[in-house]
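*Asks:* Below are the chains, spelled out letter by letter.
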Amino acid sequence: MKLLPGFIGVIVLISACKKEPKIYEPTPYSLDIPSHFPDMPIPADNPMTVEGVALGRKLFYETRLSLDNTIACASCHAPSKGFSDDRTFSVGVNGTVGRRQSMALVNLGWQQFFFWDGRAKTLEEQILQPVPDPTEMHLQWKEAQKRLENDLEYKRLFVKAFGTQFIDSTYVAKAIAQFLRTMISANSKYDVMYKYANNMQLTPSEYQIYQTVSIQEWAGYDLFQSLNGADCFHCHNGALMQVQRYSNNGLDATFSDLGRGAVTGNTSDNGTFKIPSLRNIEFTAPYMHDGRFSTLDEVINHYSHQIKISPTIDPMIEFAFQGGVQLDANEKSLLKAFLLTMTDHSFFTNPAFSDPN
Amino acid sequence: MRMKRVVNYLAIIGLGLTIGACRDKDEENEEETVKPQVEITMDPMYDQQFLSSENVIFTTEEGYRVKLREMKVILTDLRNGNHLLSPAAIYDSKKGRTLLKVNGTSSDFGSLSFNIGVDSVLNHSDPAAFPNDHALNIVNASDMHWSWNPGYIFFKVELIADTLDDGIDNFNHPVTYHVGMDETFRSTQFTGLNWNNAGNSVEQLRLKVDLKRLLQNGNSTVDIKTEFMTHSAPAQLPLSIKLAENFKAALTSY
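In order, the protein sequence lines correspond to chains A and B.
According to the working numbering, the first sequence is numbered sequentially starting from 1.
According to the working numbering, the second sequence is numbered sequentially starting from 1001.
The following block holds chain A by itself, in its conformation from the complex (with noise of 0.2 Å):
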């Protein structure tokens, strides 16, 4: 009876120090980061897994998301289509037609905001948004939790991606999240031209592709890069090819979609929309926020003869008062041969991506 203290002190210690049993140990997922990209910021709370990644991709491809089981993320943002959509407006449920085109989907980690109106910051929240919305997938978020509840496969995926049961949109957010940082582009003959021009060493495989650059492409890269030339490169630059601003690139003169300013209220967003990366330009037709034109010709011709002044239009577009750039039939071309080496192959038919059902 004596020893009674001793006994309770060291089970007392002892229990302090049990540590709570572990239920579940993902697999770290390593992303890789081509040379000339900076490093990707993963959020805090939605660290890459293996089993994170392989539900985002399962749940990217699952029509139960929608209400009438036949619209998947991927039904407006299809591989063969540039993860984009060749529709001007994509369908939803119901044949309810949107009203922006569907941006295209690549290199998602680095991007600071999302929707064509930055009304989202994080992917997780872009995510969470298509879903419950009317025009798109229209179904409520309980209804999307109980569907996948019900399927033993997804219950014990969720369980190996995140440890738990419990099935709501916060872990199918992170999931696609995970899956979509995922998608890289960064094998072009683009990719090749930019090590090359800014001096970093080129691979064996990369080399043989940078002699196959042509005159006519690399005059094109001139010509987007020059301020007299084609003057692309205020907006679309870099690894990314794109700028993380928005713009107003002289659509309309009155503009029947606000774009940003009808998410800041502020009049001097009015008409702008975020700028697009142009990776794999050459198969996300149509473009711009409303799919206007089909043809990358036709956007040409925009730049260099249609620009429409307005007072948000951007000062970035230095011959707007002329209407574009005029560039000649001959330049038109050069510029053409360029945009198309932005092209990346085996981001479209990277086996990783594809539909997993």
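Since the hints were derived computationally from the structure, they do not count as laboratory data.
Mixed in with the good hints, there may be bad ones.
With the C-beta cut set under 10 Å, the calculated list includes, among others, these residues of chain A facing chain B [claimed, not checked]: (1) S35; (2) H36; (3) M40; (4) P41; (5) A197; (6) N199; (7) S226; (8) D231; (9) F233; (10) A239; (11) T267; (12) S268; (13) I309; (14) T312; (15) D314.
With a straight-line cut-off of 25 Å between C-alpha atoms, the simulated DMTMM-like cross-links for lysine to aspartate or glutamate are [to be verified]: (16) A:K121 with B:D1133; (17) A:K195 with B:D1182; (18) B:K1067 with A:E318; (19) A:K121 with B:D1092; (20) B:K1094 with A:D257; (21) B:K1067 with A:D257.
By construction, the Cβ of each residue, glycine as well, lies at the ideal position given by its N, Cα and C atoms.
For chain A, the structure is supplied; the task is to place chain B on it using the hints.
*Replies:* Just chain B now, kept in the frame of chain A:
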């Protein structure tokens, strides 16, 4: 007897450790003392007028009515005396006035120095190679970087002006100053710093960029009607150099 003593010692040690283990949690729950901080802010102004939004109109000496659309500045090697405060910071008029906030008090400060722009070595290095939280990382610098050569835009001032004195609002004259290239790199230093108590244990050093001085610095004047654009291309470099000198003079504490 000896056994009993050992067990009692164990009990005391065990309880002691248990209490010790819990102490951290108790301490975490205690109210944390607010650490004093110093904050350096930047405001675009025209003379005494704050240009706090893109809708504020100022009138130049020539009578032009003007709105500031955007001002962004890259400062590097920010130092208090010899002490490095930050390797780089970006001011963005669309994102608020705080340039830098660090722990400390004004009494720790002797002087403030920094570069306006990026030195030639960093200016032509790989913008993707900086750490994620570095202001010069291409993701953070974004539209403040042209390309490896010429490198970073050191500062940009974008205005929209109504240059016709006809009583009708017609802001249709864009003014774009994108100043960069090694020739426009400048350094500056502030001594006799004027700190303001901003409350909440924060002391503020307020910097301003006076656009009046940017456009007229002694004999160095810029007429926005005729000198309305530079991207620091070779032919535009004289205007960029003039703006770089004026910008340095326009940047003061208040």
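*Asks:* Indicate, hint by hint, whether the structure satisfies it.
*Replies:* Now the hints, each set against the structure:
no.	hint	verdict
1	S35	holds (8 Å)
2	H36	holds (6 Å)
3	M40	holds (8 Å)
4	P41	holds (5 Å)
5	A197	holds (8 Å)
6	N199	holds (8 Å)
7	S226	holds (9 Å)
8	D231	holds (9 Å)
9	F233	holds (7 Å)
10	A239	holds (6 Å)
11	T267	holds (7 Å)
12	S268	holds (4 Å)
13	I309	holds (7 Å)
14	T312	holds (9 Å)
15	D314	holds (9 Å)
16	A:K121 with B:D1133	holds (17 Å)
17	A:K195 with B:D1182	holds (22 Å)
18	B:K1067 with A:E318	holds (18 Å)
19	A:K121 with B:D1092	holds (17 Å)
20	B:K1094 with A:D257	holds (22 Å)
21	B:K1067 with A:D257	holds (24 Å)
The structure is consistent with each of the numbered hints, conforming to all of them.
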